[in-house]
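*Asks:* Counting the sequence shown from 1 gives a position; the numbering used here is that position plus 12.
The hints are simulated quantities; they were obtained by calculation from the structure and are not laboratory data. One or more hints might be untrue.
Straight-line Cα separation of at most 25 Å, SDA-like style, residue types lysine to any residue; simulated pairs [to be verified]:
1) Lys70 / Ala95
2) Lys52 / Glu66
3) Lys38 / Glu66
4) Lys52 / Tyr68
5) Lys67 / Ile82
6) Lys38 / Phe54
Keep in mind the model is a prediction, meaning the values are calculated, not measured.
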Amino acid sequence: MSVFQAYIFAVLGNIVPAVFLLLYLKPFSEYLCQWSLFNKFFQWLFRRTRRHEEKYEKYGAVFLLFFVAIPLPLTGAWTGSVAAFVFGVRFWYAFPVIVGGILIAGILVTL
Numbered sequence: 013m014s015v016f017q018a019y020i021f022a023v024l025g026n027i028v029p030a031v032f033l034l035l036y037l038k039p040f041s042e043y044l045c046q047w048s049l050f051n052k053f054f055q056w057l058f059r060r061t062r063r064h065e066e067k068y069e070k071y072g073a074v075f076l077l078f079f080v081a082i083p084l085p086l087t088g089a090w091t092g093s094v095a096a097f098v099f100g101v102r103f104w105y106a107f108p109v110i111v112g113g114i115l116i117a118g119i120l121v122t123l
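All chains should be modelled from the sequences, with the hints used to inform the complete structure.
*Replies:* Right, here's the structure in full:
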């Protein structure tokens, strides 16, 4: 397999779960909120994160791009998708930023 083919498969293999997470984390959390324990947890989590919404509006896309692009443990598309959900970022705003980060990370790892 050529380096280019490996890059394409790696990028596509990273985009698929990111899309899945971006689309289904919100409905899944809403389902879990039926139970009081999860409802309390998500209320606490969203209260803490969404109060920083102004900062995210200003620097969020750049932060998310670099967060996904850095090839280190606990960074990447999966964690970036969860962060986008927690900060309340809309799908069509988060998706291109996360894909850009995946492309950059793929290039860095390929080098």
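*Asks:* The structure should be examined with respect to each hint, and the outcome stated for every one.
*Replies:* Each hint tested on the structure:
1. Lys70 / Ala95: At roughly 16 Å apart (the allowed maximum being 25 Å), Ala95 and Lys70 satisfy the hint.
2. Lys52 / Glu66: Holds - the C-alpha atoms of Glu66 and Lys52 are around 24 Å apart, at most 25 Å.
3. Lys38 / Glu66: holds, 21 Å
4. Lys52 / Tyr68: holds, 24 Å
5. Lys67 / Ile82: holds, 21 Å
6. Lys38 / Phe54: Holds, at about 11 Å.
Hint check: no violations occur; every hint is consistent with the structure.
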